[in-house]
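Line by line, the protein sequences are chains A and B. Read left to right, the first sequence gives residues -18 to 395 (my numbering). Read left to right, the second sequence gives residues -18 to 395 (my numbering).
No incorrect hints appear here.
Here chain B is said to cover these stretches of chain A; the calculated rule only asks that three of the stretch's residues, wherever they fall, bring their Cβ under 8 Å from a Cβ of chain B:
id, segment
1, -4 to 5
2, 79 to 86
3, 335 to 349
4, 373 to 383
These aren't lab readings, by the way, just hints derived from the structure by calculation. Each residue gets a CB set at the ideal place from its N, CA and C atoms; glycine is no exception.
2 protein chains.
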Amino acid sequence: MTVLEQMGERAKKASRVLATAGGKKSEALTAIAKALRDEREKIKAANAEDIENGRKAGLRESLIDRLLLTDARIDGMAEGCEQVAALPDPIGETLSGRVLENGLEIRKVRVPMGVIGIIFEARPNVTADAAALCLKAGSAVILRGGKEAINSNKSIAEVMRRAVASAGLPEDSIQLVEDTSRQSSVEMMGLSEYLDVLIPRGGAGLIRAVVENSKVPVIETGVGNCHVYVDESGDPDMAANIIFNAKTSRPSVCNAIETVLVHKNAAEKALPLIKARLDEKSVEIHGCERTRAILGKCIIPATEDDWYTEYLDLKLAIRVVDSLEDAMEHIAKYSSGHSECIVTENYENARIFTSGVDSAAVYVNASTRFTDGGEFGLGAEIGISTQKLHARGPMGLNELTSMKFIINGNGQIR
Amino acid sequence: MTVLEQMGERAKKASRVLATAGGKKSEALTAIAKALRDEREKIKAANAEDIENGRKAGLRESLIDRLLLTDARIDGMAEGCEQVAALPDPIGETLSGRVLENGLEIRKVRVPMGVIGIIFEARPNVTADAAALCLKAGSAVILRGGKEAINSNKSIAEVMRRAVASAGLPEDSIQLVEDTSRQSSVEMMGLSEYLDVLIPRGGAGLIRAVVENSKVPVIETGVGNCHVYVDESGDPDMAANIIFNAKTSRPSVCNAIETVLVHKNAAEKALPLIKARLDEKSVEIHGCERTRAILGKCIIPATEDDWYTEYLDLKLAIRVVDSLEDAMEHIAKYSSGHSECIVTENYENARIFTSGVDSAAVYVNASTRFTDGGEFGLGAEIGISTQKLHARGPMGLNELTSMKFIINGNGQIR
Chain A
-18 MTVLEQMGER AKKASRVLAT AGGKKSEALT AIAKALRDER EKIKAANAED
32 IENGRKAGLR ESLIDRLLLT DARIDGMAEG CEQVAALPDP IGETLSGRVL
82 ENGLEIRKVR VPMGVIGIIF EARPNVTADA AALCLKAGSA VILRGGKEAI
132 NSNKSIAEVM RRAVASAGLP EDSIQLVEDT SRQSSVEMMG LSEYLDVLIP
182 RGGAGLIRAV VENSKVPVIE TGVGNCHVYV DESGDPDMAA NIIFNAKTSR
232 PSVCNAIETV LVHKNAAEKA LPLIKARLDE KSVEIHGCER TRAILGKCII
282 PATEDDWYTE YLDLKLAIRV VDSLEDAMEH IAKYSSGHSE CIVTENYENA
332 RIFTSGVDSA AVYVNASTRF TDGGEFGLGA EIGISTQKLH ARGPMGLNEL
382 TSMKFIINGN GQIR
Chain B
-18 MTVLEQMGER AKKASRVLAT AGGKKSEALT AIAKALRDER EKIKAANAED
32 IENGRKAGLR ESLIDRLLLT DARIDGMAEG CEQVAALPDP IGETLSGRVL
82 ENGLEIRKVR VPMGVIGIIF EARPNVTADA AALCLKAGSA VILRGGKEAI
132 NSNKSIAEVM RRAVASAGLP EDSIQLVEDT SRQSSVEMMG LSEYLDVLIP
182 RGGAGLIRAV VENSKVPVIE TGVGNCHVYV DESGDPDMAA NIIFNAKTSR
232 PSVCNAIETV LVHKNAAEKA LPLIKARLDE KSVEIHGCER TRAILGKCII
282 PATEDDWYTE YLDLKLAIRV VDSLEDAMEH IAKYSSGHSE CIVTENYENA
332 RIFTSGVDSA AVYVNASTRF TDGGEFGLGA EIGISTQKLH ARGPMGLNEL
382 TSMKFIINGN GQIR
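Assemble the whole structure, with the sequences as input and the hints as a guide.
Laid out in structure tokens, this is it:
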């Protein structure tokens, strides 16, 4: 048995205890929060090693910042655990139920997934956030983080494991893969005997690699090539306001927009207003020829590649389209299926757009930045699913669970 | 572009029409039912070719029987389409909805999956049954059947496609892969750009191959290593009756049982009763040593392999266990997670078994043969999922759909 298979076996065993652990899960989360605060110096010391190694390895300053664990960030992890502890337990919920004509009482109830694998990249706080959600959802978790954060991750996992044990639950409810070589990640994708689901959290490259190679069922998260379409009847000021917010409030996140589509009859009036707002934050615009005809040749000509690109930066592509249908055609072709918005005052166009656009979240007259577990009222989220199987959009506790049928009879045969 | 990629592109285009086709889907299904009946002679002629080829190739008689399309089976396919037509349309259902504090109206609505791929084996009626369910669920379907049934499948698909077109929907809503080489099936597993989900229907080998190799999300169906556990307090007559029904009423299906576990204190009384019933149909018993000590050395000694085997035949493994916990341990280790039953009169043991056994359907005092879409009231089923992601247990129309969020605002930004 490989190290990972052994971890899988231990996780499976722990998951059977967690499945019926009830209120003990919240006690464990409260204990974790306390332990994270109490042992912050130890965690910060481990993190300092990662930071030092990162600097030696010449990591970009933005990556160093994502690695860094400050007091505020450790408090944030602890608070996150407390918030998850306070959420209602999803396990055991009766989703539906009835009595069949033969007297069988049948109920569909929410049960844990079992063992959840998470492969993630640089940010060490994912260790605590993801483990807390999995624990509350009644599943054991095997975490495999990036090598840059290995010392921080080990320290956090150790603190959490001890706290879980102190609350009377198996410490193997939370396990961290210490081998951060590519091999361990590949092996994890083949661990279908032990893992019920694998969730990659990170950049497009990581997600693609997992989707293409995993034998374990995957939930695809995060890639967001999002659009705002300004309809002929759209209010130009509202459009500029929504576009400014959706592009610039946090350009590095998946619910930020990357391309704006403008109806040809709205372009003349709306484009200068949009540009004026974007100029406030020096957003670099890549425009189609018709956009450049209105905004000037200073606009970078957009190429086919631009329509596919998730800039995650202060850059935006703009295209003038002939009709609502053309806008929807563009979205169907280039979108990653995350979030799209139409700005319109036309009832029928709003209806056509919301029913016809096939993305996780479809907006009328609102910023795509709202696509978020917290904003949608899910309490906490493990990521935003861009696939159609199992979960779509922000994934909260319910999306980390499965269901089963329980049937009570008194001797029925078929 | 390969032939399959072209089919994928056409399916995607068709799926966008189907997504908002509403009542036209049922009209198309009614037209299909009529066409299947009207063109039965053509279908039977194509089927006769398959039967002849099958005999030449020396197919087993049981396989020939599965291939055969009689008038009754064609009527069955047509009636199946009419039944699906009569089911309520799952698409557009509001699953939840609320108004957020900022005034955003958010709704979670049921939407089609998009394009569904189905890989299946010998039975040609799957072509009609599966296509009908996918169509009603608003998705285009690409079917890839076995080579033995290719002429029948082509004929059925052609009839269906013409009927769909006559109802004003795209004929590419239903497509059949005509290449039945291994290569086409492998290529289908890589078609993630076009397929939203891939469902294998067939034997354990096919399912394993698809699960291990597909880059498209898979729903695993059908393998059923199911158990009945006779608890210390279980009524021996009820146990014998349930075991007889669950083993012998249709041994070749996935909800039939393969292993019986008996509490040591119930064994002495229950085992002879169980054997007496099984003898009526000459069921071959593979027993553990304690079983053989009670039933006699004529019982075949069970090996480790027996606990893992889905016989799909008039064979049954029997093991005497020391406790409820040991029974649950056995099930956790050997079960395929399909259906399990406890026969008991003890309230607490029923509770422990139903909450602790991690299978799609967990029964108290009833035959596992009830695990079926029709029996559960889903109207029709595409298979029985034994995985935990997306769908578990019998999959009806709802399990063939996805969801999205629609958010209506009036200028909200974050």
